[in-house]
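Chains as they are written, first to last, in the working numbering: chain A, 1 to 189; chain B, 1 to 126.
No lab work stands behind these hints: they were computed from the structure. For each residue, glycine too, the CB sits at the ideal point set by N, CA and C. Among the hints, erroneous ones may be present.
In silico lysine to any residue, SDA-like type, Cα no more than 20 Å apart, as pairs [stated by the list, open to error]:
id : chain 1 : residue 1 : chain 2 : residue 2
1  : A       : Lys-164   : B       : Arg-12
2  : A       : Lys-125   : B       : Arg-9
3  : B       : Lys-78    : B       : Pro-89
4  : A       : Lys-160   : A       : Ala-172
5  : A       : Lys-160   : A       : Gln-129
6  : A       : Lys-125   : B       : Phe-6
7  : A       : Lys-164   : B       : Asp-5
8  : A       : Lys-164   : B       : Arg-68
9  : A       : Lys-160   : B       : Arg-68
10 : A       : Lys-125   : B       : Glu-7
11 : A       : Lys-164   : B       : Pro-89
12 : A       : Lys-125   : A       : Glu-49
13 : A       : Lys-164   : B       : Lys-78
14 : A       : Lys-160   : B       : Asp-5
15 : A       : Lys-164   : B       : Arg-9
16 : A       : Lys-125   : A       : Leu-90
17 : A       : Lys-160   : B       : Glu-11
18 : B       : Lys-78    : B       : Arg-68
19 : A       : Lys-164   : B       : Phe-6
20 : A       : Lys-160   : B       : Glu-16
21 : A       : Lys-160   : A       : Arg-171
22 : A       : Lys-125   : B       : Ala-2
23 : A       : Lys-164   : B       : Glu-7
24 : A       : Lys-164   : B       : Leu-13
25 : A       : Lys-125   : B       : Arg-68
26 : A       : Lys-160   : A       : His-145
27 : A       : Lys-164   : A       : Ala-146
Have a look at the derived ranges for each label pair, beta carbon to beta carbon [said to hold, decoys possible]:
id : chain 1 : residue 1 : chain 2 : residue 2 : range
28 : B       : Lys-78    : A       : Val-12    : 54 to 62 Å
29 : B       : Arg-12    : A       : Gln-91    : 26 to 34 Å
30 : B       : Arg-32    : A       : Lys-164   : 39 to 47 Å
31 : A       : Val-12    : B       : Gly-50    : 35 to 43 Å
32 : A       : Val-12    : B       : Arg-121   : 24 to 32 Å
33 : B       : Arg-32    : A       : Arg-94    : 28 to 36 Å
34 : B       : Arg-121   : A       : Arg-89    : 30 to 38 Å
35 : A       : Glu-67    : B       : Arg-12    : 32 to 40 Å
36 : A       : Arg-89    : B       : Gly-53    : 39 to 47 Å
37 : B       : Gly-53    : A       : Asp-52    : 50 to 58 Å
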Amino acid sequence: MPGARYSSLHDVELAAHAVAGDRRAFGELVRRHGAGVRALLRRMGAGAEADDVAQDAFLAAFERIAEFRGEGTFAGWVKRIAARQYLRRLQRQRRLKALAVEADEADPPPAGDADGRIDLDESLKGLGQGERLCVSLCFGAGFSHAEAAEALNLPLGTVKSHVKRGLEKLRARLAPSDGAAAQGNDAHG
Amino acid sequence: MAELDFERRLERLFAEAPAMADEDAFARRVERRLERGWTARRLVIGAAGGVGGVIGASQLFMSGFAERMEVASQGSAKVLTAGLREVAPHADWLTVLTSGGAVVWTASVLAVVALGFAVARALEEI
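Working from the sequences, and respecting the hints, build out all of it.
So, in structure tokens, the structure goes:
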């Protein structure tokens, strides 16, 4: 069974097969990392378009698979491609709002659990577009601040401001980590 | 320190991919699109090769290339024959083969076919 043959291979080995034109090997990479790429795009705000952009990103990745040399992870490499594809789509459709504005308009914070804490996906919805894109690019797609500035066509200082504000909002809204939650339970117990 | 911890935690959260029910269906859609792309590419390369071959062949025939090639091949055959005679003066079959120019023609056609395959393969790689 070809699927079983591929499932035991490392990403780098699968990529080497894909370089030789083996589309099934590449399909296994899509199976492994499709959810991660789609999740990143949703977190960037792609919504219903996320799957289309993810498909385009994987096709672009297959075309450029020879460029992947296994220096970083395949997931990281394809996420960067997907993030750039989504930004290009936003720019083409002129849907990037004025990200340079100081105060980024955001949705009202979503309702959380009893303590008002929520998960990452819900927390990101409370950020403005600029904050959300900058935080997702830097923490989800592995962009440096400078790379994010270039990709978004924004001054570096603006990107840093968006990241800083975004992190502050996320810190306030995110549910505590497992360790912190456990400590909290111990304290109450 | 707390900021750094939070940033690391955020990176971990981003790296966690939620399980999606249609993961396999998504992968199959990508595979289908890849397959369609390759089929289309092969058809385009094949069609371009066919059209190019027809145009090239018609140009060759219309330009009197065949007559010129026949004269040139006869000259080449004479040179080849002379060379082979020096190497093997008693091997008459070599002389018979080369004197008509058929070998030179055949070799030329095979070379063109091989070149065609090489170009098609290179285009596929690109």
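Results of checking the hints against the structure:
1. Note on Lys-164/A and Arg-12/B: the hinted pairing holds, with a Cα-Cα distance of about 18 Å set against a maximum of 20 Å.
2. The hinted pair formed by Lys-125/A and Arg-9/B meets the criterion: a straight-line CA distance of about 18 Å does not exceed 20 Å.
3. Pair hint Lys-78/B plus Pro-89/B holds up; C-alpha atoms about 14 Å apart against a cutoff of 20 Å.
4. For the hint linking Lys-160/A to Ala-172/A, the alpha-carbon distance of about 19 Å falls within 20 Å, and the restraint holds.
5. This hinted pair checks out: Lys-160/A and Gln-129/A have alpha carbons roughly 14 Å apart, not beyond 20 Å.
6. With a C-alpha separation of about 19 Å, the suggested pairing of Lys-125/A with Phe-6/B holds against the 20 Å cut-off.
7. Simply put, Lys-164/A and Asp-5/B have alpha-carbon atoms about 15 Å apart, close enough for the 20 Å limit, and the pair holds.
8. For the proposed pair Lys-164/A and Arg-68/B, the alpha carbon gap of about 78 Å is over 20 Å, so the pair is violated.
9. In summary, the hint linking Lys-160/A to Arg-68/B is not supported, as the alpha carbons are separated by about 73 Å, beyond the 20 Å threshold.
10. Of the pairs offered as hints, the one joining Lys-125/A and Glu-7/B holds, with about 18 Å between alpha carbons and a cut-off of 20 Å not exceeded.
11. At most 20 Å may separate the alpha-carbon atoms for a hinted pair to count; Lys-164/A and Pro-89/B exceed this at roughly 90 Å.
12. Our distance criterion of 20 Å between C-alpha atoms is met by Lys-125/A and Glu-49/A, whose separation comes to about 16 Å.
13. Between Lys-164/A and Lys-78/B the CA atoms are separated by roughly 84 Å; this puts the pair beyond 20 Å, and the hint is violated.
14. The hinted pair formed by Lys-160/A and Asp-5/B meets the criterion: a straight-line CA distance of about 18 Å does not exceed 20 Å.
15. Simply put, Lys-164/A and Arg-9/B have alpha-carbon atoms about 15 Å apart, close enough for the 20 Å limit, and the pair holds.
16. Distance check on the hinted pair: Lys-125/A and Leu-90/A sit about 18 Å apart at the alpha-carbon level, within 20 Å; holds.
17. Simply put, Lys-160/A and Glu-11/B have alpha-carbon atoms about 17 Å apart, close enough for the 20 Å limit, and the pair holds.
18. As the CA atoms of Lys-78/B and Arg-68/B are separated by approximately 16 Å, the hinted pair is consistent with the 20 Å bound.
19. For the suggested pair Lys-164/A and Phe-6/B, the alpha carbons sit about 12 Å apart, so the restraint of at most 20 Å is met.
20. Distance restraint check for Lys-160/A and Glu-16/B: the Cα-Cα separation of roughly 24 Å exceeds the 20 Å cut-off, and the hinted pair is therefore not satisfied.
21. Pair hint Lys-160/A plus Arg-171/A holds up; C-alpha atoms about 16 Å apart against a cutoff of 20 Å.
22. Between Lys-125/A and Ala-2/B the alpha-carbon distance is near 24 Å, which puts this suggested pair outside the 20 Å criterion.
23. Between the alpha carbons of Lys-164/A and Glu-7/B the distance comes to roughly 11 Å, so the proposed pair stays at or under 20 Å and holds.
24. Annotation: proposed proximity of Lys-164/A to Leu-13/B holds, straight-line Cα distance about 18 Å (limit 20 Å).
25. A threshold of 20 Å between alpha carbons decides the hint, and for Lys-125/A with Arg-68/B the separation of about 76 Å lies outside it, so the pair is violated.
26. Of the supplied pair hints, the one linking Lys-160/A and His-145/A holds, its CA atoms being roughly 7 Å apart against a limit of 20 Å.
27. Our distance criterion of 20 Å between C-alpha atoms is met by Lys-164/A and Ala-146/A, whose separation comes to about 14 Å.
28. Between Lys-78/B and Val-12/A the beta carbon distance is about 59 Å. The supplied range of 54 to 62 Å therefore holds.
29. Hint check: Arg-12/B to Gln-91/A, Cβ distance near 30 Å, so the stated range 26 to 34 Å holds.
30. The hinted window of 39 to 47 Å between Arg-32/B and Lys-164/A holds, with their beta carbons roughly 43 Å apart.
31. One distance hint, 35 to 43 Å for the beta-carbon pair Val-12/A and Gly-50/B, holds here, with the actual separation near 39 Å.
32. Separated by about 26 Å at the C-beta atoms, Val-12/A and Arg-121/B satisfy the suggested range of 24 to 32 Å.
33. Taking the beta carbon of each, Arg-32/B and Arg-94/A are about 31 Å apart, inside 28 to 36 Å as hinted.
34. A C-beta distance of roughly 34 Å is found between Arg-121/B and Arg-89/A, which places it inside the suggested range of 30 to 38 Å.
35. Between Glu-67/A and Arg-12/B, the C-beta spacing of about 27 Å breaks the proposed range 32 to 40 Å.
36. For Arg-89/A paired with Gly-53/B, a C-beta distance near 40 Å keeps the hint of 39 to 47 Å intact.
37. For the pair Gly-53/B and Asp-52/A, the supplied restraint of 50 to 58 Å is violated, since their beta-carbon distance comes to about 39 Å.
Of the hints listed earlier, those the structure fails to meet are numbers 8, 9, 11, 13, 20, 22, 25, 35, 37, in rising order.
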